[in-house]
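2 protein chains.
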Amino acid sequence: MKQAKVRLYVEHPLGEGQTVPLDRDQAHYLFGVMRMAVGDPVLLFNGRDGEWRAEVAEAGKRGGVLTCAAQTKPLQMPPDLWLLFAPIKKARTDFIVEKAAEMGAAKIMPVQTAFTNSERIRQDRLQAHAVEAAEQCGGTFVPEVCDLQKLDRLLADWPEGRQLMFCDEAEVGAAKTLGAAGAGPWAILIGPEGGFSEEERARLQALPFAHVVSLGPRILRADTAAVAAMTVWQQALGDWG
Amino acid sequence: MKQAKVRLYVEHPLGEGQTVPLDRDQAHYLFGVMRMAVGDPVLLFNGRDGEWRAEVAEAGKRGGVLTCAAQTKPLQMPPDLWLLFAPIKKARTDFIVEKAAEMGAAKIMPVQTAFTNSERIRQDRLQAHAVEAAEQCGGTFVPEVCDLQKLDRLLADWPEGRQLMFCDEAEVGAAKTLGAAGAGPWAILIGPEGGFSEEERARLQALPFAHVVSLGPRILRADTAAVAAMTVWQQALGDWG
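These protein sequences, in sequence, are chains G and Y. Start counting the first sequence at 1; every next residue gets the next number (this note's numbering). Start counting the second sequence at 1; every next residue gets the next number (this note's numbering).
Among the hints, a few may not be true.
Copies of the same chain are indistinguishable here, so a pair counts whether it falls within one copy or spans any two.
[What the hints assert, rightly or not] Straight-line alpha carbon distances no greater than 25 Å define the calculated BS3-like cross-link-like pairs of lysine-lysine that follow:
id, residue 1, residue 2
1, 107, 89
2, 61, 5
3, 107, 150
4, 90, 107
5, 90, 5
6, 150, 90
7, 5, 89
Please keep in mind that the hints were generated in silico from the structure rather than gathered at the bench.
Required output: the full structure, derived from the provided sequences and hints.
This is the structure in structure tokens:
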């Protein structure tokens, strides 16, 4: 059986015999860039129905049709983990979103803190990065990227039962205590490059659902801290067991 | 006391009253870009003598002199950890070097594997990235970046007593067994984006000093894997305790 060279996210139901129409961009990529033809295999996922092996049934310049043959992977949901982070410079924000998708975050939430520089993000562009990372990393799930929201408002409306791991360079907390806090819904909060304000820090420390965790004796950039924190969490409470 | 806005790596001894000459690039950065003047404070480190607060004693267009006042941090050596990785695309290779310095690797070793695309690296450029990352992350040590070497030759001359953690997406190893392997000299090997060859994998698995560790059920890019693997190691055996 021919090996599929392309793994594609589509917004369409997938199932045995199901046909999947391609839009112009997808057709251009498959038939123009990748030079695929009728009969060639493609792997598809839509975030709900797992991964499917499909074949090109019709190939055109402006569109095309794929037909699903067989499921190659079941849907694998990541743990119920949110990643909250303060957006930084463009390239590093893109990077955090890519890494969050690879590392298995369920939801990616850019937050505005006292020392966050950006007032705006391009949600659509960041969502596209998450899709691309899922295509790359073999995942069958794409985390949702939310719009920028204020951290204090998010904390004020915090959902009951969701715990929060917060990484503060000024603090030395033990990652070992995470396991004792137990599984269930969690969120990780990565501070901005300038750190949290005194007011924010005091508020975070007083939250009954917050757990401070140290990421070692060196100061990590926000993008490094995001990957390190997700590693610590996935090992202690996630699906890396 | 005025807060130092700049943290600079210098190749010069540091100590009380020690004067440190600046080269043209450093003078341009401090006096041209950062607009510093005589009397302004700078933090200095050289990888050996810890971090020192110095003041500008002479400022010129082509050079200048700093005078060390007091030590602000002792030298903090990272654990004896090597990071071996197969170079990938330029931006991601730069990224791995930056992250290795932040995460506390002692030595950074680009290696050529069967599926490594690059035949060459710019060692000087990568070393400069490691210096910059050390300046940023508040470290007092700068990891050495080695020249590209062949993985099989490195393994053939492997130093006695150094253990090797190797992360293979095809394997499911338990990070928990790392602790039992014990502290001492270690190395982490991150495979290339195309994975290891069958021959390499068989050889690695047969090495008596090698430990396979899983980084979860999703496929990680090499740069993500480097940060995640160093997190796992630092938590189990390094200085994050």
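Evaluated hints:
Taking CA atoms no more than 25 Å apart as the test, residue 107 paired with residue 89 passes inside one copy only; the shortest distance there is 20 Å, against 28 Å between copies. Taking the shortest Cα distances, residue 61 and residue 5 sit within 25 Å of each other inside one copy (20 Å), while across copies they are farther apart (56 Å). Taking identical chains as interchangeable, the C-alpha atoms of residue 107 and residue 150 lie at most 25 Å apart only when both belong to the same chain, with a minimum of 16 Å there against 40 Å between chains. Only within a single protomer do residue 90 and residue 107 lie at most 25 Å apart by alpha-carbon distance; the minimum there is 19 Å, versus 29 Å between protomers.
Taking identical chains as interchangeable, the C-alpha atoms of residue 90 and residue 5 lie at most 25 Å apart only when they sit on different chains, with a minimum of 23 Å there against 30 Å within one chain. For the homomeric pair residue 150 and residue 90, the shortest alpha-carbon distance inside one copy (19 Å) is at most 25 Å, but the shortest distance between copies (35 Å) is not. With identical chains, the CA atoms of residue 5 and residue 89 are at most 25 Å apart between copies only, with a shortest distance of 20 Å across copies and 33 Å within one.
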